[in-house]
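Visitor: Protein chains in written order, with my numbering: chain F, 1 to 165; chain B, 166 to 654; chain V, 655 to 965.
Just so you know, these hints were derived from the structure itself, not from any lab. C-beta atoms are modelled at their ideal positions from N, C-alpha and C, and glycine is treated no differently. Treat each hint with caution, since some may be false.
So the derived label-pair ranges between C-beta atoms look like this [to be verified]:
| hint | chain 1 | residue 1 | chain 2 | residue 2 | range |
| --- | --- | --- | --- | --- | --- |
| 1 | V | HIS747 | B | GLU344 | 48 to 56 Å |
| 2 | F | ARG142 | B | ALA359 | 44 to 52 Å |
| 3 | V | LEU688 | F | GLU148 | 52 to 60 Å |
| 4 | V | GLY823 | B | TYR423 | 25 to 33 Å |
| 5 | V | GLU921 | B | THR343 | 48 to 56 Å |
With the Cβ distance kept under 7 Å, some of the chain V side facing chain F (calculated, not the full set) [said to hold, decoys possible]:
| hint | residue |
| --- | --- |
| 6 | CYS696 |
| 7 | LYS719 |
| 8 | ALA904 |
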Amino acid sequence: MERPAFEPRIIGFFCNWCSYRAADLAGTSRIKYAPNVHNIRVMCTGRVDPTFVLEAFARGADGVLIAGCHPGECHYMEQNYKALRRVTPLGRTLRRLGIEEERLRLIWASAAEGPQLAAAIDAMVEAVRPLGPLAWSENWKRSPAAEEAVASAAREHAEAMEVSP
Amino acid sequence: MPKVSIDPITRLEGHGKIEIFLTEEGEVENAYFQVPELRGFERFCVGRPAEEMPNLTARICGVCPEAHHMAATKSLDDLFGVEPPQTAKKLRELLYSIFFATDHTTHFYALAGPDFVMGPDAPPAERNILGVVKKVGMEVAGKVLKMRWDGHYLIQMMAGRAVHPNWGLPGGVSRGITEEQRAEIEARGLEAVAFARFSLELFDKIVLGNPTYLELIQNPAYLHRTYNMGTVDGRNRVNFYDGWVRVTGPDGKEHARYVSRDYRDYVAEHVEPWSYLKFPFLKRVGWKGFVDGPDSGVYKATPLSRLNAADGMATPLAQKEYERFYETLGGKPVDPTLATHWARLVELLYAAERWVELARDPEITGETFRLLPEKTPTEGVGCVEAPRGTLTHHYWTDERGILTRVNLIVGTTNNTAPISMSIASAARGVIRKGRAVTEPLLNMVEMAFRAYDPCLACATHSLPGRMPLEVVLRGPDRKVLAVHRRNLE
Amino acid sequence: MLGIDDKILEVDKAFEIVFWPCVMDGKVRDVERLPDRSIDLCLFNGSIRTSEQEYMAHLLRAKSKVLVAFGSCAHEGCIPGLANLHTREEIFHTCYLDSPSTENPGGVVPRTETEVPEGTLRLPLFYDTVQTLDQTVEVDYYLPGCPPEADRIWEALVAVLENELPPKGSVIGPTTTVCDECKRTRSEKRIQGFKRTWEVIPDEETCLLEQGLVCCGIATRAGCGALCPQVNSPCIGCYGPNAGVKDFGARMMSALASVIDATDPDEIEAILARGVPDPVGTFYRFSLPHSLLRRARGSSGGNGRKEVRHA
Numbered sequence: 001m002e003r004p005a006f007e008p009r010i011i012g013f014f015c016n017w018c019s020y021r022a023a024d025l026a027g028t029s030r031i032k033y034a035p036n037v038h039n040i041r042v043m044c045t046g047r048v049d050p051t052f053v054l055e056a057f058a059r060g061a062d063g064v065l066i067a068g069c070h071p072g073e074c075h076y077m078e079q080n081y082k083a084l085r086r087v088t089p090l091g092r093t094l095r096r097l098g099i100e101e102e103r104l105r106l107i108w109a110s111a112a113e114g115p116q117l118a119a120a121i122d123a124m125v126e127a128v129r130p131l132g133p134l135a136w137s138e139n140w141k142r143s144p145a146a147e148e149a150v151a152s153a154a155r156e157h158a159e160a161m162e163v164s165p
Numbered sequence: 166m167p168k169v170s171i172d173p174i175t176r177l178e179g180h181g182k183i184e185i186f187l188t189e190e191g192e193v194e195n196a197y198f199q200v201p202e203l204r205g206f207e208r209f210c211v212g213r214p215a216e217e218m219p220n221l222t223a224r225i226c227g228v229c230p231e232a233h234h235m236a237a238t239k240s241l242d243d244l245f246g247v248e249p250p251q252t253a254k255k256l257r258e259l260l261y262s263i264f265f266a267t268d269h270t271t272h273f274y275a276l277a278g279p280d281f282v283m284g285p286d287a288p289p290a291e292r293n294i295l296g297v298v299k300k301v302g303m304e305v306a307g308k309v310l311k312m313r314w315d316g317h318y319l320i321q322m323m324a325g326r327a328v329h330p331n332w333g334l335p336g337g338v339s340r341g342i343t344e345e346q347r348a349e350i351e352a353r354g355l356e357a358v359a360f361a362r363f364s365l366e367l368f369d370k371i372v373l374g375n376p377t378y379l380e381l382i383q384n385p386a387y388l389h390r391t392y393n394m395g396t397v398d399g400r401n402r403v404n405f406y407d408g409w410v411r412v413t414g415p416d417g418k419e420h421a422r423y424v425s426r427d428y429r430d431y432v433a434e435h436v437e438p439w440s441y442l443k444f445p446f447l448k449r450v451g452w453k454g455f456v457d458g459p460d461s462g463v464y465k466a467t468p469l470s471r472l473n474a475a476d477g478m479a480t481p482l483a484q485k486e487y488e489r490f491y492e493t494l495g496g497k498p499v500d501p502t503l504a505t506h507w508a509r510l511v512e513l514l515y516a517a518e519r520w521v522e523l524a525r526d527p528e529i530t531g532e533t534f535r536l537l538p539e540k541t542p543t544e545g546v547g548c549v550e551a552p553r554g555t556l557t558h559h560y561w562t563d564e565r566g567i568l569t570r571v572n573l574i575v576g577t578t579n580n581t582a583p584i585s586m587s588i589a590s591a592a593r594g595v596i597r598k599g600r601a602v603t604e605p606l607l608n609m610v611e612m613a614f615r616a617y618d619p620c621l622a623c624a625t626h627s628l629p630g631r632m633p634l635e636v637v638l639r640g641p642d643r644k645v646l647a648v649h650r651r652n653l654e
Numbered sequence: 655m656l657g658i659d660d661k662i663l664e665v666d667k668a669f670e671i672v673f674w675p676c677v678m679d680g681k682v683r684d685v686e687r688l689p690d691r692s693i694d695l696c697l698f699n700g701s702i703r704t705s706e707q708e709y710m711a712h713l714l715r716a717k718s719k720v721l722v723a724f725g726s727c728a729h730e731g732c733i734p735g736l737a738n739l740h741t742r743e744e745i746f747h748t749c750y751l752d753s754p755s756t757e758n759p760g761g762v763v764p765r766t767e768t769e770v771p772e773g774t775l776r777l778p779l780f781y782d783t784v785q786t787l788d789q790t791v792e793v794d795y796y797l798p799g800c801p802p803e804a805d806r807i808w809e810a811l812v813a814v815l816e817n818e819l820p821p822k823g824s825v826i827g828p829t830t831t832v833c834d835e836c837k838r839t840r841s842e843k844r845i846q847g848f849k850r851t852w853e854v855i856p857d858e859e860t861c862l863l864e865q866g867l868v869c870c871g872i873a874t875r876a877g878c879g880a881l882c883p884q885v886n887s888p889c890i891g892c893y894g895p896n897a898g899v900k901d902f903g904a905r906m907m908s909a910l911a912s913v914i915d916a917t918d919p920d921e922i923e924a925i926l927a928r929g930v931p932d933p934v935g936t937f938y939r940f941s942l943p944h945s946l947l948r949r950a951r952g953s954s955g956g957n958g959r960k961e962v963r964h965a
């Protein structure tokens with residue numbers, strides 16, 4: 001029997017004024033695109049704290065997509081540049097920790113760019129799929145040997161008797 | 166085979182463990198000193214910018230972070246090919262002398278002191294700094310606390326923080342001192358010299374004046390004839406900060422004298438599966454196991470070794486004490502492990518005198534405390550004497566100065582083999598057939614260990630860290646008979 | 655001795671010290687024999703990365719009324735937490751097999767059990783991952799810093815004595831950043847490039863971050879008195895994050911991002927590549943184990959081996 005293809009779970013942070021509307025537009029235009037993105041609406045990509053991204057990965061996301069207004073078109077003037085400046089050190093850090101480049105993307109999409117956004121989402125899903133699940137918390141999973149070792153520390157102490165004073 | 170375990174545990178971050186195996190008759194068959202701690206600095210420092218090392222490696226030890234800070238800083242000089250200006254070198258050695266004086270004070274009074282002042286047989290509840298205070302009086306306690314306070318205060322003034330300074334850079338230090346600061350350093354230095362002399366007098370009175378202790382010091386159970394390592398200046402006098410590493414043999418003759426860069430021609434490390442810490446030895450003699458003598462590569466790097474490996478001290482009062490030391494103990498080299506405590510006090514005096522000398526040096530308040538590197542970094546070695554032994558840092562980097570490889574041979578690590586041997590021989594000396602194993606006896610085993618002022622696995626000490634020691638005694642059926650836990654203190 | 659030397663005798667009067675390896679002779683066995691929750695206050699320093707350390711954490715939690723994670727190691731993992739970039743196998747390989755000064759033709763590495771002629775010698779298990787105290791047991795309070803400064807320690811002891819403690823789970827300390835304690839003058843921050851500490855001799859008056867040095871003071875909790883900037887050294891973040899911050903590194907990344915004066919992606923990348931060549935070491939120098947991701951990818955099931963998962 002064929003193993004079911006891995007379906008990446010991607011958390012999306014879409015800004016209210018541009019990319020979220022683009023996603024809406026794609027939907028109402030009946031453009032089909034991969035359903036793998038769990039969409040979270042923020043007022044601006046400038047609101048996206050690196051903590052959100054880290055938490056998403058720590059809790060099991062296979063990818064994170066941040067989508068905002070094109071540079072120069074931010075509803076709040078320059079906050080998408082803030083997102084850009086944050087994502088750069090964040091991306092570099094993630095790579096050093098072993099999270100592949102493809103898993104974090106920052107893209108720009110205006111409210112009218114429904115088809116473009118859909119295509120970008122599809123592209124990201126297909127880029128993450130071959131990488132497999134990230135399953136980040138597996139990295140700190142406890143080994144059975146650890147349980148045994150802690151128990152044996154207790155045992156070794158219990159076996160000991162006192163030396164006379 | 167019955168086993169006595171001094172098994173510590175516990176302390177949270179690490180400890181040393183001693184396992185003493187007894188024959189059926191109750192004699193000591195063998196003893197093993199295990200270090201159940203490892204952090205992996207040599208691995209996780211790779212990938213870091215080299216200039217982080219004075220701060221990163223300081224965290225190897227909460228008791229002697231200045232030693233790592235200094236070795237790392239010197240390694241950076243070598244790595245970047247930049248020669249620090251005289252003011253910087255002198256400032257570094259000044260700080261280092263203050264650190265040494267403070268550290269040796271702490272060890273003598275808080276660690277070793279209790280055994281001598283209270284007596285090795287005193288109940289454990291009294292064998293600590295508080296017991297010492299009660300016995301010798303608040304005035305002495307006040308002097309000790311003042312010495313430590315002064316040391317920490319001055320280190321913080323010069324280098325940012327008393328524990329984990331943030332000061333050393335390739336080509337110098339991050340900041341110099343003002344004339345006002347210099348005057349304060351000098352004044353406290355003079356007090357430190359007085360304190361060092363007082364400590365030597367106290368040692369004379371309490372230890373040398375007491376035949377029981379003298380006998381203890383000369384007890385063959387606490388004796389090993391090994392090679393001795395220390396750093397010396399151009400005239401073969403003890404220097405903590407810089408110079409040549411010199412090794413003398415059990416016969417007192419010079420075996421090697423090298424610049425820090427050549428350390429790998431002389432020293433290598435041996436691995437045993439029952440300890441996380443490695444065992445350095447002299448390459449040209451070879452690893453022959455846990456034995457002493459001229460044919461074994463085992464060497465000691467302690468205050469005692471430094472005195473043995475040198476021809477004298479570079480300051481007048483310390484030199485007089487050096488001469489008195491050898492006269493009293495019968496010439497060079499001096500091998501009894503417990504004589505290390507006396508040697509430590511001689512070094513304390515030298516550190517204090519050197520502190521005053523440097524504080525009075527006209528260049529110490531110079532404006533040029535750092536030169537910027539110009540060369541591309543490649544590889545660098547930096548050595549200093551840690552209070553516990555010769556410390557070596559060796560870095561390799563890429564052209565951006567990002568570390569690609571790190572090698573560290575840490576002060577106490579030098580002594581892991583002799584510590585093992587000292588414990589075994591102390592155990593043989595005190596644990597005998599027909600004699601019940603008592604807590605004071607186990608304490609006497611630990612005294613052998615304590616003389617090295619070990620600073621093992623100080624993973625996280627934010628306190629002047631000490632390791633707890635556990636001794637586990639196992640009977641013939643391998644059942645543990647006793648656990649005696651002792652915190653180095 | 656905690657740096658509170660002169661007050662140590664007062665502490666001795668107020669508390670009975672049952673277990674202080676540093677200074678007193680106390681046995682673990684004595685602790686084991688104590689009734690549960692009979693120790694009023696336990697200051698626990700050190701992180702947990704061996705089975706022995708974990709055992710002690712559980713023991714002391716059981717015996718203590720109030721358990722304080724003392725210092726950066728217990729709080730966040732501290733610098734040895736950078737070992738979370740590797741697995742046990744990798745660390746052993748470097749220390750015992752690949753070390754430039756080690757002679758080990760037999761490829762010996764430490765084992766949890768070794769048979770010697772006289773019997774068996776044991777070592778605790780060395781974990782792949784450094785854990786903080788609160789990842790091991792429940793922690794009541796945190797005293798941050800590497801090391802915690804003497805005044806903060808004293809304040810905490812007094813708080814315990816007078817039973818004036820903040821809500822459980824709090825960090826005992828100020829809720830501002832190091833910038834608040836730093837005496838340097840600050841104006842606007844527009845950095846076009848970060849410098850390595852050895853590239854420049856900073857002036858003594860101006861904010862170090864404004865001079866292009868990567869100073870973590872902007873993201874670090876106050877409490878130390880901004881000691882490092884007083885000797886011209888940028889803050890390295892040893893007190894951990896300020897109140898309300900989950901991940902120190904995330905905060906530091908944002909902080910640096912907010913001062914970079916560039917909008918072009920390539921330019922931003924170049925500034926960071928040159929000025930912060932080691933992002934993990936800079937952002938998580940003290941806090942990697944406590945961070946949201948805790949460690950680099952590499953170990954599944956704590957078995958020491960790096961594993962690559964396929965789809």
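Visitor: Work down the list of hints and note, for each, if the structure agrees.
Guide: We went through each hint and held it up to the structure:
1. Taking 48 to 56 Å as the suggested C-beta distance range, the pair HIS747(V) and GLU344(B) conforms, at roughly 52 Å.
2. A beta carbon spacing of about 56 Å between ARG142(F) and ALA359(B) contradicts the range 44 to 52 Å that was offered as a hint.
3. Checked against the given bound of 52 to 60 Å, the beta carbons of LEU688(V) and GLU148(F), roughly 26 Å apart, lie outside it.
4. Under the hint 25 to 33 Å, the C-beta atoms of GLY823(V) and TYR423(B), about 54 Å apart, miss the expected range.
5. One distance hint, 48 to 56 Å for the beta-carbon pair GLU921(V) and THR343(B), is violated here, with the actual separation near 41 Å.
6. Because the smallest distance between the Cβ of CYS696(V) and any Cβ of chain F comes to about 18 Å, over 7 Å, the interface hint for this residue is violated.
7. For LYS719(V), the shortest C-beta to C-beta distance to chain F is roughly 22 Å, which exceeds 7 Å, and the interface hint is violated.
8. For ALA904(V), the shortest C-beta to C-beta distance to chain F is roughly 4 Å, which falls under 7 Å, so the interface hint holds.
Going through the hint list in order, the structure does not satisfy hints 2, 3, 4, 5, 6, 7.
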